[in-house]
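Each protein sequence line maps, in turn, to chains A and B.
According to my numbering, the stretch in the first sequence is residues 1 to 171, in order.
According to my numbering, the stretch in the second sequence is residues 1 to 171, in order.
I should point out that these hints are in silico values taken from the structure, not numbers from a laboratory.
It is possible that some hints are incorrect.
One copy or two, it doesn't matter: identical chains are merged, so the pair holds either way.
Below, simulated DSS-like cross-link-like pairs (lysine-lysine); rule was C-alpha separation at most 25 Å, straight line [to be verified]:
# : residue 1 : residue 2
1 : 53        : 129
2 : 60        : 11
3 : 28        : 8
4 : 28        : 162
Bear in mind that the values here come from a model prediction, so they are computed numbers and not experimental data.
There are 2 protein chains.
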Amino acid sequence: MDFETVVKNRKSIRKFQSKLIEPEKIDKILELVNLAPSAGNLQSYKIFVVEDKQKIGSIKANVGGIQKNFSDLSPLIMIFCANKEESAARYKTRGIRLYAIQDATIACSYAQLIATSLGLGSCWVGSFKEKAIMKILQTDLLPAAILVLGYPDEAPPRRPRKLVEQLAEMT
Amino acid sequence: MDFETVVKNRKSIRKFQSKLIEPEKIDKILELVNLAPSAGNLQSYKIFVVEDKQKIGSIKANVGGIQKNFSDLSPLIMIFCANKEESAARYKTRGIRLYAIQDATIACSYAQLIATSLGLGSCWVGSFKEKAIMKILQTDLLPAAILVLGYPDEAPPRRPRKLVEQLAEMT
Numbered sequence: 001m002d003f004e005t006v007v008k009n010r011k012s013i014r015k016f017q018s019k020l021i022e023p024e025k026i027d028k029i030l031e032l033v034n035l036a037p038s039a040g041n042l043q044s045y046k047i048f049v050v051e052d053k054q055k056i057g058s059i060k061a062n063v064g065g066i067q068k069n070f071s072d073l074s075p076l077i078m079i080f081c082a083n084k085e086e087s088a089a090r091y092k093t094r095g096i097r098l099y100a101i102q103d104a105t106i107a108c109s110y111a112q113l114i115a116t117s118l119g120l121g122s123c124w125v126g127s128f129k130e131k132a133i134m135k136i137l138q139t140d141l142l143p144a145a146i147l148v149l150g151y152p153d154e155a156p157p158r159r160p161r162k163l164v165e166q167l168a169e170m171t
Numbered sequence: 001m002d003f004e005t006v007v008k009n010r011k012s013i014r015k016f017q018s019k020l021i022e023p024e025k026i027d028k029i030l031e032l033v034n035l036a037p038s039a040g041n042l043q044s045y046k047i048f049v050v051e052d053k054q055k056i057g058s059i060k061a062n063v064g065g066i067q068k069n070f071s072d073l074s075p076l077i078m079i080f081c082a083n084k085e086e087s088a089a090r091y092k093t094r095g096i097r098l099y100a101i102q103d104a105t106i107a108c109s110y111a112q113l114i115a116t117s118l119g120l121g122s123c124w125v126g127s128f129k130e131k132a133i134m135k136i137l138q139t140d141l142l143p144a145a146i147l148v149l150g151y152p153d154e155a156p157p158r159r160p161r162k163l164v165e166q167l168a169e170m171t
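Kindly generate the complete structure, drawing on both the sequences and the hints.
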């Protein structure tokens with residue numbers, strides 16, 4: 001798919017078909033996410049790929065606010081966790097405070113665009129109970145972003161944006 | 001350009017031709033970055049676009065570590081600043097601690113891919129003196145990422161990555 005079309009097609013999708021995501025597409029997402037940049041090329045993050053329906057339910061139960069509004073059907077969830085320890089080993093507090101979070105965030109940005117290019121829909125979830133998610137995943141790594149993925153079962157309108165003049169300042 | 005090719009073509013470029021970036025390309029980057037997702041669609045970030053050679057020099061003087069290794073020629077710098085106050089107004093401490101930084105980081109991820117799709121090279125700079133950069137930009141917003149942009153004057157090899165098995169865990 002053309003690059004610009006992918007960026008324009010990416011919208012938050014919250015209703016999914018029951019159709020599962022093909023393993024080749026999951027592999028393609030991970031293969032291309034692996035090319036994303038990271039601080040010092042350390043890749044201080046880890047992706048947990050959840051397909052188990054019960055586990056998906058447990059994760060959704062720990063998502064907050066309006067982001068609870070998912071249809072029950074969502075075949076796949078990816079959780080992008082910051083590996084603060086890995087980044088701190090080289091970058092000390094800046095690794096903890098910034099880089100590990102950024103590495104996980106960049107990876108989620110890439111995954112969402114790659115998923116769009118493969119005809120998948122997704123929604124970035126930022127509001128969740130970190131400790132509960134860590135317990136479900138049995139990890140010490142800090143969840144920084146959750147991506148809910150599947151074949152779209154809705155076509156929502158594009159949400160409004162700031163004017164470019166508000167977003168950017170030439171200086 | 002095909003989406004997958006863009007992701008595969010994106011590499012850190014540190015040497016640039018003197019050729020300036022066409023205004024239409026700068027506009028296109030900003031237009032498409034504006035479509036990036038953000039927490040609650042608040043877009044709690046601002047992009048400072050710097051073309052002034054003296055200002056670019058001042059910014060580079062406040063970049064740390066190995067990231068100093070830029071050729072003097074780099075026609076454009078974009079600085080992605082987190083607007084913590086804007087995010088905090090709705091999301092309190094999570095807005096300050098996470099969302100505003102993520103919004104700026106997602107935007108920089110998009111900008112780098114969009115630039116690649118337009119035939120430009122770029123390098124993400126994460127190591128810099130925040131306060132000095134804020135003073136140069138005359139802003140209270142926190143710089144979260146710097147993107148150095150221009151037409152590439154080098155074709156470095158791809159750097160190694162983790163194995164996908166190290167990066168992701170199926171659970």
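Intra/inter-copy verdict for residue 60 and residue 11 if alpha-carbon distance must be at most 25 Å:
The answer is within: 20 Å in one copy meets 25 Å, while 36 Å across copies does not.
Evaluate residue 28 and residue 8 at a C-alpha cut-off of 25 Å and name the case that applies: within, between, both or neither.
Close inside one copy (20 Å) and across copies (12 Å); limit 25 Å.
Quick one: residue 53 to residue 129, C-alpha cut-off 25 Å, is that within a copy, between copies, both, or neither?
within (19 Å within a copy, 46 Å between copies)
Treating 25 Å as the Cα threshold, decide for residue 28 and residue 162: within, between, both or neither.
between (33 Å within a copy, 15 Å between copies)
Of the hints listed earlier, there is not a single one the structure fails to meet.
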